[in-house]
Structures are given as C-alpha cells and as structure tokens.
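Undergrad: As a plain string of letters, each chain reads:
Protein chains: 2
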Amino acid sequence: MEEDILYHFSLSTKTHNLPEMFGDIKFVCVGGSANRMKAFAQFMHHELKLPGIPEDIKDICEGTDRYCMYKVGPVLSISHGMGVPSISIMLHELIKLLHHAQCRDVVLFRLGTSGGVGLAPGTVVITDKAVDYSFRPQFEQIVLGKVITRSTELDEGVANELLQCSSSQNIPTVIGNTMCTHDFYEGQGRLDGALCSFSHEEKLEYLRKAYEAGVRNIEMESTVFAAMCRICGLKAAVVCVALLNRFDGDQITSPHDVLVEYQQRPQVLVSHFIKKHLGLVV
Amino acid sequence: MEEDILYHFSLSTKTHNLPEMFGDIKFVCVGGSANRMKAFAQFMHHELKLPGIPEDIKDICEGTDRYCMYKVGPVLSISHGMGVPSISIMLHELIKLLHHAQCRDVVLFRLGTSGGVGLAPGTVVITDKAVDYSFRPQFEQIVLGKVITRSTELDEGVANELLQCSSSQNIPTVIGNTMCTHDFYEGQGRLDGALCSFSHEEKLEYLRKAYEAGVRNIEMESTVFAAMCRICGLKAAVVCVALLNRFDGDQITSPHDVLVEYQQRPQVLVSHFIKKHLGLVV
Numbered sequence: 001m002e003e004d005i006l007y008h009f010s011l012s013t014k015t016h017n018l019p020e021m022f023g024d025i026k027f028v029c030v031g032g033s034a035n036r037m038k039a040f041a042q043f044m045h046h047e048l049k050l051p052g053i054p055e056d057i058k059d060i061c062e063g064t065d066r067y068c069m070y071k072v073g074p075v076l077s078i079s080h081g082m083g084v085p086s087i088s089i090m091l092h093e094l095i096k097l098l099h100h101a102q103c104r105d106v107v108l109f110r111l112g113t114s115g116g117v118g119l120a121p122g123t124v125v126i127t128d129k130a131v132d133y134s135f136r137p138q139f140e141q142i143v144l145g146k147v148i149t150r151s152t153e154l155d156e157g158v159a160n161e162l163l164q165c166s167s168s169q170n171i172p173t174v175i176g177n178t179m180c181t182h183d184f185y186e187g188q189g190r191l192d193g194a195l196c197s198f199s200h201e202e203k204l205e206y207l208r209k210a211y212e213a214g215v216r217n218i219e220m221e222s223t224v225f226a227a228m229c230r231i232c233g234l235k236a237a238v239v240c241v242a243l244l245n246r247f248d249g250d251q252i253t254s255p256h257d258v259l260v261e262y263q264q265r266p267q268v269l270v271s272h273f274i275k276k277h278l279g280l281v282v
Numbered sequence: 001m002e003e004d005i006l007y008h009f010s011l012s013t014k015t016h017n018l019p020e021m022f023g024d025i026k027f028v029c030v031g032g033s034a035n036r037m038k039a040f041a042q043f044m045h046h047e048l049k050l051p052g053i054p055e056d057i058k059d060i061c062e063g064t065d066r067y068c069m070y071k072v073g074p075v076l077s078i079s080h081g082m083g084v085p086s087i088s089i090m091l092h093e094l095i096k097l098l099h100h101a102q103c104r105d106v107v108l109f110r111l112g113t114s115g116g117v118g119l120a121p122g123t124v125v126i127t128d129k130a131v132d133y134s135f136r137p138q139f140e141q142i143v144l145g146k147v148i149t150r151s152t153e154l155d156e157g158v159a160n161e162l163l164q165c166s167s168s169q170n171i172p173t174v175i176g177n178t179m180c181t182h183d184f185y186e187g188q189g190r191l192d193g194a195l196c197s198f199s200h201e202e203k204l205e206y207l208r209k210a211y212e213a214g215v216r217n218i219e220m221e222s223t224v225f226a227a228m229c230r231i232c233g234l235k236a237a238v239v240c241v242a243l244l245n246r247f248d249g250d251q252i253t254s255p256h257d258v259l260v261e262y263q264q265r266p267q268v269l270v271s272h273f274i275k276k277h278l279g280l281v282v
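Taken in order, these protein sequences are the chains called A and B. Note that the first sequence covers residues 1 to 282 in our numbering. Note that the second sequence covers residues 1 to 282 in our numbering.
Okay, chain A solo, but in the shape it has when bound (with noise of 0.2 Å):
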C-alpha cells in the first residue's frame, strides 16, 4: 500500500510521520469517555512530572470526533466510545498505527466501568478471563459471512501485576471474569430498559449463573479487545471499576463526586504500574 490512511483517527502514513509521533510509546491505555481519557492523560503527565501544563495536551484525532487520543511521554490515552464495534474500529487502526510507528513491546489496558456482580460499588475487577453471555472465554468474530471464534485469554503475568499494585495503593480489587455483551439493558439482565420480557426473579438467577461462572463484572468491550491483542501477540489486561452491584438494582444511583472517585480507581492502579515499570516508583 502506498498510502494508510487510519481514517478514523484522521491520520494517514502520508500526512503524518508515524514513526516519529508514536515510535517511542510503550504503554496504550484505552476507555470509552473521551472526557476520561483526556483526564487520565493529565493524570499521567503529572504523575510522570514531564514538562510543560497537563491541560495543554492536545487531542491528535482533532480532525474527527471519532475517538479522541493524548500522547503523554510513553503513554497514549485513547477513548473508543461504547461496544464491541466501536473499539474493534479503533483497535484496527492502533494496531495498524503501532506496526506503522515501528512500537515494541508496548502493554494495552483498557479503562473502564462496568456493573459489578456481586461486589461492593467501587471494587476494581482486573479481567483474568473475558466472556461471553454464555460465559465462554471466546469472541465471535464474523469474516465475510462466516463466524469464527476466538480466544480471549489475557497477560496472566500483567494481571497479577496489576493486584499487587492494588494492595500498594490501598484499592479494593479482585482478579475474576469479566462478561462483555452487546447491550446494556437486556442482555445484561437490566429491568430498566425500554424492553423487558423476564422477570426480576429470572434476572437474578442469570446473575447468579454468572457469578457461579466466575463473573465478577459485566461491560461491553473487554472480548474483543481480548481476542484482538492476543492475535496481534500485544500484552493487555483489563481493568474496570464495578459502579454498582447488579444483585442490589440496575441503575447506577450514586451520587456525581462518588462515581468520578470511583472512576480514577483503575487510573491509580495503571499508572502505578506504569510508574514502576520506567523506575519511578518501586
């Protein structure tokens, strides 16, 4: 190919010089809200003591309001919206930004949110496996018309990693399964939604079947980014605060300040991670 261009990133081999952009990046951290990437951008340059203000940092995919993505040192931060879909678009293109810019060895985390099953409201949930609604550590991917499956196993060695920064940083977390589903209401057993065929007592039974299953959290993105960085042969590891214990109700009720605390649970916890692996902290 002469020319690549990543279009939803607003970025082409062409136009930009890959390798000297992203050639120095190790570390990707991905998340669904742009606002919370953007915050952990800011985090991170302070945690990292670099040069310059944090809230100057500016979005490199300003030519789109697909994803939004912050370079921070060795860390990029990059939202990719919400659902399988969406990241898989941008996963595409990282990956392809990555081989262009000539990275190595670089670690993905993804970010994020989710219900948690039961678990206290604010407990982190580092993924050990990612699963389906059936609770199958696969991802079905479709290829022209046909279903493929693949695995979605995780860096054993990141997570347990993880954990112990965890204990450093005085944050309640857990290693378990993470089921990813392709909506928020029903297919997550949600009550609330503007469709609802099962009961409440059906729904609770589902929930217990996951937690039996090793479920701890459910999201919607954690397989296929599973699936496609094993694949690519990335190391990655997933972790997600819990909002909410879907056992107690499905909407998420706490107030503003409480769930914004919540939500820089994994942030501490990567960026501790992060911070030991460059030796500024121990």
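Any given hint could turn out to be false.
Which copy is meant is left open, because identical chains are indistinguishable; a pair holds if it fits in one copy or across any two.
Cross-link-like lysine to any residue pairs, in silico, SDA-like; alpha carbons within 20 Å at most [what the hints assert, rightly or not]:
no., residue 1, residue 2
1, Lys209, Ile142
2, Lys14, Thr253
3, Lys146, Ala194
4, Lys38, Thr64
5, Lys58, Leu48
6, Lys146, Asp132
7, Lys58, Asn35
8, Lys38, Glu62
9, Lys71, Lys275
10, Lys38, Asp65
11, Lys38, Gly63
12, Lys26, Pro74
13, Lys96, Tyr7
14, Lys203, Glu161
15, Lys96, Ser10
16, Lys209, Val143
17, Lys96, Pro19
18, Lys146, Tyr211
19, Lys209, Leu144
20, Lys146, Glu212
21, Lys71, Gln42
22, Lys235, Glu20
23, Lys14, Glu2
24, Lys49, Ser167
25, Lys96, Leu191
Just so you know, these hints were derived from the structure itself, not from any lab. Note that the coordinates shown come from a computational prediction; the quantities given were computed from them, not determined experimentally.
Since chain A is already given, all that's left is putting chain B on it; use the hints.
TA: Quick look at chain B alone, frame taken from chain A:
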C-alpha cells in the same frame, strides 16, 4: 419506578421536566457523529426559520460525553456513536424519554454514512430492509443468555416519501437493502484492517453475493435501529450516503470537502421531508 435515570443522557425524571422539555417532539434524527448531528441541528434551525442564532443551540446532554442531543422546534437531533451496542443504549433511553415526555406520532430517522455496493460515491440509500451478514432481514438480540430474533422491517410509506423528496432535491438516491455489520474491517470484507485472512477475490465474491441479495450499502447500526423502532411501534427510516463504492476499494480517499458535501445529502432529504410534514413546503 419512583425515578428513572437516563444515565447515558445525564437526564432523569426527577431532575428534569421531560414533558415540558420534549413534549412537542415529532421528529427524531440520529447519526453516529456528534459534530454532524450538531451541524444538522443548526441546519434545521435555519430551514425551519426559527428565531435566535443557530450557533446558540445547546447540547442537552452536556452533563455526559456519551451522546450529544439538540432540540430544534419539533426536531430532536442525537448522536449515537458507532455500532449496534452504542446505538442500542441510546435507543433504550430515547424511547423511555419519548414515553416519559408523552410524545405521540414520532418519526425516527437514522442519517448516516456507509460503504456503497455497486453505487457511485455520493449516492444516498434509503433502506428497504436492514439485513445481517447473511442478508437476512433480522436482528439477533441476546436476552439473559438466550438468542432472540427480531424483524428489521422499516416503514415503507416513509421510505417512498423520502424517495420522492430526492427527485425534487436532485440528489442521486436509491431504495435498497442495507447490510449491518459488527465491525468495519473483517466483517465488511476490507483488506486493509490490522487482521485480514481472505483474498481480494474472496472479498469481491462476498460483495457480489450481497449485491445479488439486494444490498446497496453497508453500515453498522441499521438492524437494531429498525428492530427496536418496530417493536415499539415507531415509524422509522434509514438514510445513508455511500462514501465509496466497495467494489473499487476499501479506503475512503475522497477530499474532505467532497465528503462533507456527501454527508449533507441525507440531511437535505430528511429536512425536506420534515418541512413537507410541517406544511412549510409543498
């Protein structure tokens, strides 16, 4: 329920007077990009000759960065991000919002971009049937771990009326089937993703089969949009412009200004439909 929190809109029945805010809505227009749906709101403000300055229209969902929402007279313009899961969260909360606001006889439009199948770039496709990767007019929803199949039929009357608008507006338009996929690269037969396991010839064969099944464009939201509107008794249409002809390539290489003009075509069509229904044009 004492309170219904529309979490991803940052609205709630307790903190917002939804009937007062939204009771007069008759048309809801949704599209992937936040910038595009803001531009559409400003365009409608101009077309409906409303008082005030288009640039002053406020984002009703400014408390969150998940979606944007603008109200222009009886028209609501909302962004939904990319992919079925992202639009499905929005639709659940939108349908609850319309219910709480006691709206009646609302018509929904999805205004989008897409890849064309055997069409010149810039052609607008009004969706006849929204079909899946096997060209079946159905949407598979997972409810508590079980797969449920829903019909994706759209409103024939609205589609035909939109086609009439296209001739008076001189916009190249066809009615055809729209294939909805869950990713942009492998699922749509693109050769330029980070992963690709098929040949150029296999890609063309899949596109030829799609064309024979009446598919004229490919996007990522139509099946769930059609299915949810249908099951909730809402009239709906999907109007997407083809940015390229997939038989000729995979990358979107047209200049920025050409793409911007293409993206306005569905907006012009739907705006004309709305003005006709409001008695502003004949």
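Undergrad: Against the earlier hints, flag every one the structure doesn't satisfy and list their numbers going up.
TA: 14, 22, 24
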